[in-house]
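The chain contents come next:
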Amino acid sequence: MTEIDPITLSVLAGRMEQIADEMDATLFRAAFNPIIAEAHDASHGLYHATTGDTLVQGKSGLPIFVGVMSFAVKAVIEKAAADGDLENGDIYIFNDAHIGGTHLSDMRLVRPYFHNGKLFCFLASVGHWHDVGGAVPGNYNPGATEVFQEAFVLPPVKLARKGTVNQDIIDILLRNTRLPQSAMGDLNGQLGALDLGVQRMDELLTEYGGDTITAALEALGNRAEALMRAELAELPDGRWEAEDFLDNDGIIDEALKIRVALEIKDDRMVLDFSGSSPQCAGPVNIALPTTAAAAYVAIKHVFPALPANAGVMRPIEVIVPEGSLLSAEFPAPTGGYTETILRMIDVVFSAFAQAAPDRVVANAYGTINALSIAGKRSDGTAWVMFSFYGGGHGGSVESDGLNHGNAPISTATIPPMEILEAAYPVMFRTWALRPDSGGAGAHRGGMGAVYEIEVLEENGAEAFLFGERGRFAPKGIVEGGDGAMNHFTFEQSDGWQAPPLASKMRGIKLTQGQAVRLETPGGGGYGPAAAREARAVARDVARGLVSADQADTDYGTAWREVTV
Amino acid sequence: MSGQMIGVDVGGTFTDVFVLNEAAGSASVAKVPTTRPDQSVGFLDGIGREVDTLSEVAVVVHGTTAGTNALLERKGAKTGVICTAGLRDVLEMRRRDRPRTWGLRGDFEPVVDRRDRLEVQERTLADGSIRTPVDLDAVRMAARQLCDQGCKAVAVLFANAYANPENEAAAVAAVREVWPNPHVSASSEILPEIREFERFSTTALNAYLQPEVSGYLGRLETALTEGGFDGEFMIVQSNGGVMTVDTACRLPVRTALSGPAAGVIAAGYIAGVAGFDNVITGDMGGTSFDVSLIAGGQSILSPQTSIDFGMVVRNPMIEITTIGAGGGSIAWVDKGGLLNIGPESAGSDPGPVAYGLGNDRPTVTDANVVLGRIDPDNPIGGKLDRLDIEAAGRAIDAHVGAPLGLDTVAAAEAILRVANSRMAGAIRLVSIERGFDPKRFAFMPFGGGGALHAGAMLAEVGIARAIVPRYPGVTSAMGCVIADMRQDFVQTVNTLVDTLDEAALGDFMQANTDDGMALLEASRTSFEAREASFTLDMAYVGQTHTVSVPLDVTMVDDKVTPPSKAEIEVAFDTTYQATFGRLLQNGTRRILNLRTAVTGKRPKFDLATLAPGTTGSVAPTATRKVHFGNVWLETAIHDRLSLPVGAVINGPAILTQPDTTVLIEPGLAGKVDRFGNTIIEPVEGDA
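Protein chains in written order, with our numbering: chain E, 1 to 564; chain G, 565 to 1251.
Chain E on its own, in the form it takes in the complex (with noise of 0.2 Å):
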């Protein structure tokens, strides 16, 4: 094994982390469907040669996809073995949530990457493709009970062989989708990162040498575990449990339970998730590769410095009860495997806030509502308009939490609202912060936001939610307070409904001049009310933020001897 020298490893961790950033700039520059071009759904990374672990991953790529891809390389890992066919040039591709985590509108490509005629990493490239068929344009199907009607499954098959691309693969892709223009832009932007992948790590091998590369990225996983341990050391030794709830799965309207227990022993760390509740029917299921990598997400959000490298989950161990919904079998569905995830972060976050308050923030808004609204317009052609919406954040030990952030899964940006005005039949009668929806605390969560959405369409539309957290608030810490629930309403000719599952509903019919309306929820509060400066409180009420009576309730009457 060759040593490396500290300085040089200094130099090859940022040559290589680049390498990584490149191919992310190369799909979001090229890609076509918004999904990846503005929100960054998408990822890249080097991979371990026999392991498949994560070596170097790009900065700019969703945060989920930092511990779930090696789980990709690992399937093609194990399928070329099972094959014995893998070669310089080939490029694997697939979707199987099952097998590689997340959900079906993943596409994941995976191509070996070979040096003096030997196998040396895995490249890798993930993106979130606009439509992969099955029942609901953009599959967020909250009605799904198998996978197949979420999306079509394909499960790793090589796209191209030694440098060829097949292109019987890519007929069967483009039959196979409402949306073929976007899904071959996505494709080609994919298979340019990888092309320029290989370009960057010719010339980084050619500039040190195989022996030298080999060594620093052995240092590099060592490093990060050694960044872990030293971490988990200054905390506490102990145990502390948390626990909170999913609505329901979309199917049966009974509530689902995610429970963790976090152990610290010296420099180790044991998340159990046992008592989590089983497989359900609807589509809130997780594959176990989702599950490892949502907790990776978890420990990252608490451990910010912590490099994207398989190293620091070497002093962890990740429990996870078989037969439960965070590890589903084939065929489950998983269309809504977001918001799953979102709740084992929050509960990761309210089993650390009994440890080391300091060092997380209370839950934020808990729920992406992927909401779709569609229809046909007057000449025939068909639209679909589906975005994710923004919530507050949780408070922490430093500031009151952000008003309408992104998901902690996600570094997605919202489109503007001028552009989904532009290419689809809708006015926004609302989009503003919903006053009263984040938690009160000495540091009080961030507000939700309040979107109304009318149907310009003459023809009218269908509208289509995938939420949570309609009957379970995003939680406080330190004794702060609950943020505001996720309320969905919905107009119609007898004026405004509730679904009755609160926050999924399927196919909603509204004609020209009906609206829904999406109040999505705050973030939960730090600490307890009553430590909440008065003059704070005076301003948010000010501001129209706080309403007098909540700030009465929540933080007693001494604010209003505050002028601000």
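Simulated from the structure, these hints should not be mistaken for lab results. Owing to the predicted nature of the structure, the values given are computational and were not obtained by experimental measurement. Here a beta-carbon is modelled for each residue, glycine too, at the ideal position from N, C-alpha and C. Please note that the accuracy of each hint is not assured.
Mimicking BS3-like on lysine-lysine, the simulated pairs with C-alpha atoms at most 27 Å apart in a straight line are [said to hold, decoys possible]:
1) G:K642 with G:K595
2) E:K162 with E:K79
3) E:K59 with G:K899
4) E:K118 with E:K162
5) E:K265 with G:K899
6) G:K1189 with G:K1123
7) G:K595 with G:K1168
8) G:K1003 with E:K59
9) E:K118 with E:K79
Stretches of chain G that chain E covers, calculated by requiring three or more beta carbons in the stretch to come under 8 Å of a beta carbon on chain E [as the list claims (entries may be wrong)]:
10) 768-781
11) 981-988
Since the structure of chain E is already known, use the hints to place chain G on it.
Frame of chain E, contents of chain G only:
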């Protein structure tokens, strides 16, 4: 050209003045401390150092950070907003982002308090049709209320005003009737472009800056006039062009990156005259290393920037990529045993350990001091008497040497190696993201510290040569004198090429041209040439990111002949193919925005004015031991400004001048070109 031309760049630490007297064939520079909070004191002091009679000055051009500082320090005016009912919180909701990816901490306060954001009934739809006419009584009432609440400026922000400004224009007219000062900004006037948050943010920040910036510029103009100045006073914009003071007072948000932009303009001009059209600039200051790219003589413009989290300014700006690797950036070893540089910085105060002003953690400058690359007895900037090498060495030992098991010198070399690698990475990324090979570029360091690292950039990036301008410490001030006058316009068109109304596009192009030419006309500067250029932001239907498609437009007597659909399709295909390497079969082409730039080319001065004589001594003034790699070498020290044209100095050598140190590493040679620049290249046959 007659009379003197003066460029003044006010930076965070120093105010730089560059005075050009072309008739006399002379130029001079002055560096004085920047004054806070009123920068005009230092501004006038700096000019006074070099100029006796303001009446002989033809032009004063100013690169300013007044706007940037007011934004960063939240020192703008109390501002009100009048907006469409239902959209009061757009400024506060942003685009649903967060300050940092990991950790979920941090909150955000917009520059306009929620109490000062008032809604009125009105609505325009995306197709430009008016669904609800604006309630002008409500507008007037809102304006009066904001006035009563103490607002000094107001922004009118209506939905879809880019598509049809009628409602907004009526509201703005009503507000202007009752508003007591000129500080009224309208979103359709500032930025008639789709995307409400970006448009509202840019407009609100413009209003927020108006009282502050126009007050500051007014004070300067008055003082100049009282001193007998009768020339033209102009301001550098973020796009690298200059504008009149009147325009700057109306559009202060366009000064957001004024100072750095001027530096890039100067760098491009100097490099071009010296024979290098492709250059990457590296400005190394106390806290950061700023990289910009000039290809084929053109600097790259980016469409928008965030001054801080949630404070988006959307206007063409010279693209400058910043990484936290400046002279004051702190070197530290993390818990995993890896050496890191920055982003934490000691800045210029307290500054590096060697300054002796209270910082005890080692910086990049401390590594340069310990290795003999900076003269401890003559620190640049003139603030300090000498640098404390011993203290710098102790800090490096304690924070880097001990944890890594390295002696002082090896630890200092390690700091430089990692810092150089980060800087080289920034250069690589900036060029690669634009599709350029950095090896085909020259590197131009400027700012106080850049020229110490030029050799390392050649080695790390594979760049063939560096070009160090004669006055690297006052490049931005020089850029003020060089920059052209330029106005940028944008108009969202949002149509398929198939359904484009060519005449309507032509009307927009003509209106922009007329407005731009009128601004040139209104200035008192003479221009060598005037030109208008046009680009369209285009994409295939379904694609989000647009490409910028330059149009080849015929103009006769400032009259525009609009391009045909067929010409636009060809132009798009050419650009798209060049950008992505492939076209989309059967794709439908779409036009989002028209962008127009109207430029008045100002006469350029002859850089040879700055050159030294052709004869003179090339003998070193002293020698000093400097560490390179793993050896100490006796190194010649030269007084840079007295070296004659044609002088060749072989490395190892150090060239000193009051504001910069130029390091020529072993194996490299520095040659003084006929403009006084130093060209650093490998010694021939010693690659």
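- Query: Going through the earlier hints one by one, which of them does the structure break, listed in rising order?
  - Reply: 1, 6, 10
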